[in-house]
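**Q** Each residue of the sequence shown is one higher than the one before, counting from 1 in this note's numbering.
Calculated from the structure, these hints are not laboratory results.
Here a beta-carbon is modelled for each residue, glycine too, at the ideal position from N, C-alpha and C.
Incorrect hints may have been included.
For each label pair, taking beta carbons as the anchor points, the in silico distance ranges come out as [stated by the list, open to error]:
1) T225 with E292: 26 to 36 Å
2) I99 with D66: 35 to 45 Å
3) K309 with D183: 25 to 35 Å
4) K263 with L405: 47 to 57 Å
5) K218 with K263: 20 to 30 Å
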Amino acid sequence: MEKKTLFALVAVVALGAGAYFAMRAPEKGERVGPAPRPVATFKSAEVTHLELTTEKQEKTTLDKKDGAWRVTAPHDWPADQAGVKSLLDGLDKLAFGDIVTENKDKHEELGVVDGKAAHLVAKDGSGKTLADLIIGKAISGFTMVRPAGKDEVWQATGLYGYMLSRDPKTWRDHGIFSFTAADATRVSIESAGDKLVLDKEAAPKDAKDKTPPGADAKWKIASATGEAPKTSEALDTAQVTGLVQAMAALRANDFADSDTPDKVGLDKPRLTVSVTAAGKSYTLLLGEAKGEDVYAKAADQPTLYTLKKYVLDRIDHPPADYRDKTLTKIKEADLAAIDLTVGTEHLTLTHDGDAWKAKGQSLDATKVKPLAGAFENLSGAGFAVGVDAAALGLKKPAGEVALHLKDKTTVSLKIGALTKDGAEYYVEKAGSPVMRVKKYLVERFLKKPSDLGVTKVAKAEKGKKK
1 MEKKTLFALV AVVALGAGAY FAMRAPEKGE RVGPAPRPVA TFKSAEVTHL
51 ELTTEKQEKT TLDKKDGAWR VTAPHDWPAD QAGVKSLLDG LDKLAFGDIV
101 TENKDKHEEL GVVDGKAAHL VAKDGSGKTL ADLIIGKAIS GFTMVRPAGK
151 DEVWQATGLY GYMLSRDPKT WRDHGIFSFT AADATRVSIE SAGDKLVLDK
201 EAAPKDAKDK TPPGADAKWK IASATGEAPK TSEALDTAQV TGLVQAMAAL
251 RANDFADSDT PDKVGLDKPR LTVSVTAAGK SYTLLLGEAK GEDVYAKAAD
301 QPTLYTLKKY VLDRIDHPPA DYRDKTLTKI KEADLAAIDL TVGTEHLTLT
351 HDGDAWKAKG QSLDATKVKP LAGAFENLSG AGFAVGVDAA ALGLKKPAGE
401 VALHLKDKTT VSLKIGALTK DGAEYYVEKA GSPVMRVKKY LVERFLKKPS
451 DLGVTKVAKA EKGKKK
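Please take these sequences and the hints and turn them into a complete structure.
**A** Have a look at this one:
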C-alpha cells in the first residue's frame, strides 16, 4: 500500500512538472530571445550629433561641444539645453513593437514618406550612426517609425513627432538670465536721469527674528535721485521682489538678428535694470516697443531679443514706480457710505449693519458686495510720470468715488482715461500723484446703477381725503 502511494505521488509531481514546462515553452512560430529592433540599442549619453528635419523640411543640426549642446546649422547658436534633453530622454525610452507594414504604398497613409515627414539622425563621437529614422503619425498610442532607406514601418514608443516639430530658431537658447532670486543682494534701476540703488538687508542673527521661508526680503535704499523714493518707508518692497523674481529666470520670446542697437533704441536704452546675485551682475537694457513686443539685450552680450510686454510686467518700471503705490486699504466693515458717479449717473450706497442700501431703490446684494470689497487692497501699477495732463482724462473723469469711513474721514478717487494700450486707468487719489491702475481692478468698483441691479421702489399710493 505504501508503494502504491509513493508511485502515485511521484506520478503527480511528474505530471505537474511536465505541465509547467509545457506552458512555459514557446508555441510553434513564437519568437524566442530579445525582440527585433530596426536600430540597435544605444544610450543617449553616446549621442554627440543630431540632424533634425521637420515635416516642413526645415533642418537643424546640433552638436555637443565641451559638455553643452549648440545649434551648428543653419547658424551657430547656443542651444536650448532643456529641449535637447527632452529629445534625448525620448531616445533613451525608445522601444519598438511590431512591424505595421512593409508595403511602400502605405507610407503616405502612415506619414513616413521621404521629403514629407520628420527625420532624425543621431550619431556618436566617432561619427557612427546610432539611429536614422523617419518619424510618422501617432496611431493607437504608437508612433509610426520607418528606418531610412527601408520600406518596413514599425510601432514605436518614447519618441514622438512633436519632439522634432521645431524650426531651427526654436532650438536656440532663449534664456537671458538664470540665477537664484534668493541670492540677490543689490538692485539698480535707472531711467531718464532717475536712479535707484537698493541693498538687501542682512538676515537677523537672532534666530527668533529671522524672516520666515517664502517671505519677501527686506531692502534698503543705498542711493536715490530724481523721482525715485528717498526713504525705505516709502519703498514698494513688493515691486522689488517682483523685479528680482522676473529677472532670475528671464527668457526671450524671439530674436532681432536683423536689427542693430541704434535702430531699436538699445544704443541709448530707456531703462537699465541690474541685479547682483552671488557676486555676479545681471544687467538688462530695454529699448523701443513695437506692438506687444519690447526690444532688449543683456549688457554683456551682443544678442538682441524681443520680449512680450506681459513678460516684462514686473521689470519695465522706472525708479518712480518703486514708491509705495497703495491707494486704499479700507475694509468693507469700515465703510459707512459710498458715493459713486459714473458719467452722468450717480448713486449713494449706505452701510446699514451688514447690508448695503440705496434710498428709495432696491439693490442686488450679490453685485454690491464685490464693489464694497474692492477697496481693501487697491494699489497702482505705476505712476503717471511724463504723461501729458490732457491724456490723463481727469478734467472730465470717467468716474468718481467718495469713500466715507465710519471714523468720519473721506477718501476720494477720480478715474480718468485709459492708457494707450487700454490695460490701465489713470487714477488720482485726492492729495496724491496720479497713478496707473490695472483696468480689471478699477472695473470692480466703476459700476453704473444698472450694473448693481438698482431699480426704483414704487411708492405706496396715498389715501384719499374724506
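**Q** Confirm or reject each hint.
**A** Tested hints:
| no. | hint | in the structure |
| --- | --- | --- |
| 1 | T225 with E292: 26 to 36 Å | holds, 31 Å |
| 2 | I99 with D66: 35 to 45 Å | holds, 41 Å |
| 3 | K309 with D183: 25 to 35 Å | holds, 27 Å |
| 4 | K263 with L405: 47 to 57 Å | holds, 53 Å |
| 5 | K218 with K263: 20 to 30 Å | violated, 41 Å |
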